[in-house]
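J.: Please take these sequences and the hints and turn them into a complete structure.
Residue numbers (my numbering), protein chains in the order written: chain Y, 1 to 335; chain U, 336 to 767.
The set of hints was computed from the structure by calculation and includes no laboratory data.
Treat the hints with care, as some may be off.
To be verified - Result set (DSSO-like, lysine-lysine): computed pairs, CA atoms no more than 30 Å apart in a straight line:
no.: 1; chain 1: U; residue 1: Lys537; chain 2: Y; residue 2: Lys268
no.: 2; chain 1: Y; residue 1: Lys108; chain 2: U; residue 2: Lys736
no.: 3; chain 1: Y; residue 1: Lys108; chain 2: U; residue 2: Lys655
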Amino acid sequence: MNPAHARRTLQSPPVPANSSPFNPGSLLSIDNLSFEALSRVLERATALTRQDPLERARILAKRKVALLFYESSTRTRTSFELAAKALGCDTTLVSSLSSSIEKGESLKDTGLTLRALGAEAIILRHSASGAPWLLEQHTELPVLNAGDGMHEHPTQALLDLRTMLAHLRKGSTDMGPDALKGVTVTITGDILHSRVARSNMLLLPRLGAQVVLCGPKELLPDLAATAGPGIRVERDFEAALRQSQVVMMLRIQAERLAGLQLDLEDYKRSFQLTEERLRSFAPSALVLHPGPIIRGLELTGEVADGPQSAILEQISHGVAIRMAVVERALIGGRA
Amino acid sequence: MSALVIRNGHLIDPATGVDAPKDLLFKDGKVAEIAAPGKLKHADGAEVVDAAGLVVAPGLIDIHVHLREPGQGYKETIATGTAAAAAGGFTAVAAMPNTTPVNDNVDVTRWMQAPERGACVRVFPIAAATRGSKGEAINDFAALKSAGAVAVTDDGHPILKDNIMRETLVAAARVGLSVIQHAEDTRLTQGASMNAGPTAFKLGLRGMPTEAESGLVERDIRLLTELRDSRAHLHVAHTSNAAAIAAVRQARRNGLRVTCEVAPHHFLLTDEHVGLYDTHFKMNPPLRSSADRDAMIEAILDGVVDAIATDHAPHAAHEKEVEFERAPNGITGLETALGLSLRWLHKEWKMPLGRVLSLLSAQPAAVLGLKGRGTLAVGSAADAVVFDPKAEWTYRVAETKSKSRNTPFDGWPMQGKVRWTISEGRIAHTAS
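T.: Have a look at this one:
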């Protein structure tokens with residue numbers, strides 16, 4: 001038999017379509033949100049930020065939300081906690097270092113335990129990609145993905161989006177295929193291990209933006225460009241900067257390098273965002289970073305603190321976005 | 336002693352080339368007589384199986400299963416694993432040595448074959464190649480063979496050191512045993528849980544490159560080339576990608592004794608079937624790209640593949656209900672191999688029924704040199720499967736005979752329903 005002929009004619013079992021979350025309030029992947037749902041989250045983020053704090057605290061008064069954190073976190077944990085409390089929720093934090101997780105309790109059992117304790121939604125940060133799907137499947141509760149392994153970090157993509165919209169689109173909340181048309185976002189650094197990059201790579205092209213990925217081969221395999229439409233790989237940082245309205249810098253994730261050898265001096269020479277590079281190649285671009293930043297590695301302190309940096313602003317957008325997604329989790333998941 | 340007659344069936348015995356209506360008489364665990372319908376001479380008083388409208392074929396042989404005993408009886412026992420085998424039409428299974436303790440000595444090899452295990456089909460133990468499967472010191476192959484071992488392997492702990500693999504090939508050849516290699520350069524797969532490629536990138540999972548498999552196949556073939564006169568036989572387990580199969584194809588052209596098997600999941604599924612971290616699609620080697628999957632189909636159709644083997648690997652539900660990266664590798668396969676092979680290889684891809692059956696009986700028997708198995712010639716073991724080749728049905732894992740339920744094929748359409756499985760003249764399974 002002619003193999004080429006065989007390949008053309010053989011029918012194979014179909015790949016089932018990826019199922020949406022069980023619970024309409026869940027936010028597992030940024031792909032779970034339609035344009036309508038994205039617009040709604042952004043609108044609510046703005047409305048909740050402006051609302052009187054006492055009135056706001058009645059929206060989810062005494063509702064129980066659990067934060068289940070298998071990895072350390074400053075920004076995400078605190079902002080989710082502040083967001084839930086701002087809406088009146090009772091929150092409880094379970095972290096892997098001070099709970100029965102240390103004794104070997106499985107994620108399923110930990111989730112069922114939290115549900116039995118009255119948790120109505122779980123915010124999960126986990127070192128294993130895909131963990132939120134497992135938790136949701138077994139608890140059937142709304143699960144908010146606060147970062148799973150190297151996979152996704154949907155609320156980070158939302159807060160990055162809100163930051164970009166504030167600067168580039170006058171705070172528009174009307175999301176559609178042209179919402180970021182003409183905008184090029186360069187994401188630079190450890191793409192391979194980055195859940196922030198993956199969520200942004202899924203979200204931004206849907207809104208009409210171009211995503212340019214930049215970094216060395218070890219941290220950015222060529223196949224990253226196949227992750228979706230509107231994504232390109234550019235190895236020359238300065239060429240990438242020249243095209244960009246937004247520059248998102250990522251941390252080298254030492255904890256996930258798994259034996260990978262990387263010459264940091266070499267890395268800095270090619271990919272560090274310095275004042276000089278910014279001035280020469282992207283003098284008006286917005287500089288973002290999901291944190292934690294390592295000053296002097298992926299970017300210099302001057303850039304982090306400089307006029308183009310929106311790094312601290314991102315953090316406050318984070319609270320707004322997380323209020324909106326916690327509200328969505330507990331009342332509705334409309335749209 | 337006991338006698339059994341199968342009447343009115345259509346015998347397909349690829350090893351002898353018979354493809355005709357025949358009656359068969361089984362006596363004392365052997366095939367005693369074969370005759371045209373109604374013409375058996377010595378059938379008086381025998382129990383009768385009426386196979387009208389059904390195919391009678393040699394009992395299927397799976398040369399790659401994990402029966403989990405000794406030591407992991409909560410996943411599967413020899414009794415439950417062989418019950419699943421019988422339900423799937425298998426009359427002989429070759430059991431991998433990654434038990435607890437490892438089957439690296441005659442005591443474990445004999446224990447696995449003892450009548451107390453309650454096996455309902457024949458179990459052929461495959462012994463560990465090295466002590467504790469640690470890849471350092473070679474076991475006593477002559478003793479293991481005389482205790483009943485049919486091949487040696489370190490299965491999930493592939494032999495990476497060239498000198499140890501060379502020694503294993505030489506020592507096994509000396510006593511006439513095959514060396515089975517799970518080809519995986521584990522130095523390239525640390526921390527990885529699925530096939531390397533766009534899907535793994537999207538899911539944020541570390542990937543196992545196909546080179547980890549094909550590279551070790553190529554290394555083993557190179558060692559075999561250097562030993563050309565030893566009559567060493569290398570069998571490549573669960574081949575899953577195009578480069579590995581190409582290496583086997585080339586080695587065969589060069590006249591080397593290299594054989595290979597392919598599992599149904601590797602000729603049916605791709606890494607995209609992992610979906611959203613479904614651990615029932617996690618095994619090692621992992622599901623590969625569609626190009627690799629197509630290469631498996633082509634290799635089966637054009638005859639490079641010697642056997643379909645399931646790599647039946649039961650795991651308890653609680654072990655699979657965990658984060659994808661933490662879940663153990665493996666899926667069950669004994670009850671679905673025939674139904675999937677007939678549904679896809681025969682019906683969809685037009686492989687003649689006799690060739691499909693050969694890949695599941697005569698050829699695997701030949702790979703491991705199992706004399707008197709994989710054929711229904713007079714004098715062979717009275718191992719047979721009687722099935723309805725046209726029957727379409729749906730696999731329901733809730734009805735499994737295995738102790739575990741980790742299959743990706745629950746709810747899948749199957750073709751060819753097993754009515755009876757006969758092991759050494761006794762009925763081992765009857766369809767309910």
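J.: Could you grab the alpha-carbon distance between Y/Lys108 and U/Lys736 and see if it respects the 30 Å cut-off?
T.: With a Cα-Cα distance of about 26 Å, the restraint between Y/Lys108 and U/Lys736 holds, given a limit of 30 Å.
J.: Quickly compare the C-alpha distance for U/Lys537 and Y/Lys268 to 30 Å and report which way the hint goes.
T.: With a Cα-Cα distance of about 27 Å, the restraint between U/Lys537 and Y/Lys268 holds, given a limit of 30 Å.
J.: Hinted pair, alpha-carbon criterion (30 Å max): Y/Lys108, U/Lys655. Please report holds or violated.
T.: 11 Å, holds
Hint compliance for this structure: every hint is met.
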